[in-house]
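Number of protein chains: 2
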Amino acid sequence: MTLLDGKQTSKEIKEEIKTTVSEMKARGERVPHLAAVLVGDDGASLTYVGSKVRSCEYVGFDSTLIRLEADISESTLLKQIDQLNRDDTLDGYIVQLPLPKHINEEKILLAIDPNKDVDGFHPANFGRMALELDAFIPATPFGIMQLLERYKVPTSGKHCVVVGRSHIVGRPISILMSQKGTAGNATVTVAHSRTENLADLTRQADIIVMALGIPEYLTADMVKEGVVIIDVGITRVADQSHPKGYVIRGDVAFDEVAEKASFITPVPGGVGPMTIAMLLKNTLLARQWNLT
Amino acid sequence: MTLLDGKQTSKEIKEEIKTTVSEMKARGERVPHLAAVLVGDDGASLTYVGSKVRSCEYVGFDSTLIRLEADISESTLLKQIDQLNRDDTLDGYIVQLPLPKHINEEKILLAIDPNKDVDGFHPANFGRMALELDAFIPATPFGIMQLLERYKVPTSGKHCVVVGRSHIVGRPISILMSQKGTAGNATVTVAHSRTENLADLTRQADIIVMALGIPEYLTADMVKEGVVIIDVGITRVADQSHPKGYVIRGDVAFDEVAEKASFITPVPGGVGPMTIAMLLKNTLLARQWNLT
Chain A
11 MTLLDGKQTS KEIKEEIKTT VSEMKARGER VPHLAAVLVG DDGASLTYVG SKVRSCEYVG
71 FDSTLIRLEA DISESTLLKQ IDQLNRDDTL DGYIVQLPLP KHINEEKILL AIDPNKDVDG
131 FHPANFGRMA LELDAFIPAT PFGIMQLLER YKVPTSGKHC VVVGRSHIVG RPISILMSQK
191 GTAGNATVTV AHSRTENLAD LTRQADIIVM ALGIPEYLTA DMVKEGVVII DVGITRVADQ
251 SHPKGYVIRG DVAFDEVAEK ASFITPVPGG VGPMTIAMLL KNTLLARQWN LT
Chain B
11 MTLLDGKQTS KEIKEEIKTT VSEMKARGER VPHLAAVLVG DDGASLTYVG SKVRSCEYVG
71 FDSTLIRLEA DISESTLLKQ IDQLNRDDTL DGYIVQLPLP KHINEEKILL AIDPNKDVDG
131 FHPANFGRMA LELDAFIPAT PFGIMQLLER YKVPTSGKHC VVVGRSHIVG RPISILMSQK
191 GTAGNATVTV AHSRTENLAD LTRQADIIVM ALGIPEYLTA DMVKEGVVII DVGITRVADQ
251 SHPKGYVIRG DVAFDEVAEK ASFITPVPGG VGPMTIAMLL KNTLLARQWN LT
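Top line first, the protein sequences correspond to chains A and B.
Position 18 (the first sequence) corresponds to 28 in the working numbering; numbering is contiguous.
Position 43 (the second sequence) corresponds to 53 in the working numbering; numbering is contiguous.
Okay, chain A solo, but in the shape it has when bound (with noise of 0.2 Å):
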């Protein structure tokens, strides 16, 4: 069984983005610069914030963080969006999410341009991957395939089943692996709430990718031997004998399901610290396709 090491990979593609960065600055360059929008202060999400602000900081990117109050009307965002569209010195930016309720999320996710859109949540975006064009690709599908390429997991040819149909990990991930290229040319099923008989489903499956967002659900007589194991899941499950009082799982009962495995991500450390990585590589891509 090999680990899919979701924390040492997306090291890797920083050190690679970070010497990409100081060879731009040595050719004069100028660097990727990202921004990142926080309506309010939600504690979580400044966690998040800033830990992708510090991220742009070691890899060498300019970063801008806008902090703006809970109580902003949308017009008002809408008129900082359309600002950041037309900054010319801004490479990518992203809206963190979750906003304040008066605010339409939707809205505000379309308008910010496609070009600087490096979360990829813009249909312009979603549109483009489908239909194999550059693209950017949200952060939690673009980091499984990272971790498939790199580990060089058999993709073409293998059943694929994906548990899950959301927007932003279950839908694209699913387009991915069909698509031709590395990680690709699967052999993919998507499943959801309204799947029956899903454990016939995945005991044929090759490999299995887990978005559903319910603790320890695959276990270990759902799945055959030899099985590749991607677990989006991360669920806080309460834990008073941990000092924080919770304990972070997975969708996957990792330890029975990992002997059946012949590769699997551990939750945490497997898909989750991907995002970040992509979200850079992203930025680094939209400075790379804006060079005009």
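No lab work stands behind these hints, which were simulated from the structure alone.
Ideal placement from N, C-alpha and C gives every residue a C-beta, glycine not left out.
Mixed in with the good hints, there may be bad ones.
To give an idea of the interface, some chain A residues facing chain B are shown, with a C-beta separation under 8 Å as derived from the structure [stated by the list, open to error]:
| no. | residue |
| --- | --- |
| 1 | Val63 |
| 2 | Ala140 |
| 3 | Arg181 |
| 4 | Thr197 |
Label-pair ranges, simulated between beta-carbon atoms [to be verified]:
| no. | chain 1 | residue 1 | chain 2 | residue 2 | range |
| --- | --- | --- | --- | --- | --- |
| 5 | A | Asn300 | B | Glu116 | 17 to 25 Å |
| 6 | A | Ile244 | B | Gly60 | 52 to 60 Å |
| 7 | A | Ala230 | B | Lys21 | 49 to 57 Å |
| 8 | B | Lys21 | A | Ser176 | 51 to 59 Å |
Put chain B on the given structure of chain A with help from the hints.
Chain B alone, transformed into the frame defined by chain A:
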């Protein structure tokens, strides 16, 4: 066994559109206006475009056929596209494919305003469809969804195997059938040229969508009793006994598979006739969405 009669269903849809247009006229509203751009004088393309224009007239739409010389330059064609994008009297337009070899088809399709892209080939429309926003859906998958809906074919929780991963048929229909909604909520597998043991998959399927382009590929031994068959294949097969010298064959060995099927589309007369009806439907939607 129920025949999914695309000829009849497309007639019904056209009659519905015709009624809606009469009502628009009666209210003094401008009727939908579709333009078709035809470059060169390829015989098949002329036939298709002619049939689209006649269908527009039948339902009461305004229509414009723009014929351009085969040796038109890409930049002149792009100027024409730009004019169509700016034309406020036009709700939608199509550029008939294929284009002459000296023209970059992708560049032309990307230049079409997504709000007028009634063929649904622009990535912005693909992304909007995949992210469950209002979108122009390409005619073939849109037509299949209509057949499934109108014949009340059960899809929720059923296993659907889509054979083919093309941008305009296999990929979009796989997404639509797996989304929430009527004719949706299926567990969908996308199979393709690299799929191993295709027959093992199709034998499990409750619904099979064949979009492979290999005549009579799917045989009775590859399907289970009660299967629903959607055949998108349209291949000319040489047949000297026939006055035209060929016959049209689908991807399904119709006679033998029909004996096991609960629902099946004939070829011709199944999915094919639905496409023009869905182009008209998209044009009507364009008129309704662009009421501003």
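Okay, the hints, checked on the actual structure:
1. Checking valine 63 of chain A against chain B: minimum C-beta separation of about 28 Å lies over 8 Å; hint violated.
2. The interface hint given for alanine 140 of chain A is met, as the beta carbon of that residue sits about 5 Å from the closest beta carbon of chain B, less than 8 Å.
3. Annotation: arginine 181 of chain A was flagged as interfacial toward chain B, and the flag holds, the nearest CB pair being 6 Å apart, inside 8 Å.
4. Taking 8 Å as the C-beta cut-off, the interface hint given for threonine 197 of chain A holds, the closest approach to chain B being about 4 Å.
5. Distance hint check for asparagine 300 of chain A and glutamate 116 of chain B: the Cβ-Cβ separation is about 20 Å, which falls inside the suggested range of 17 to 25 Å.
6. Range check, isoleucine 244 of chain A to glycine 60 of chain B: Cβ separation about 57 Å, and the 52 to 60 Å hint holds.
7. Evaluation of the 49 to 57 Å hint for alanine 230 of chain A and lysine 21 of chain B yields a pass: the beta carbon distance comes to about 55 Å.
8. Between lysine 21 of chain B and serine 176 of chain A the CB atoms are about 39 Å apart, so this pair departs from the stated range of 51 to 59 Å.
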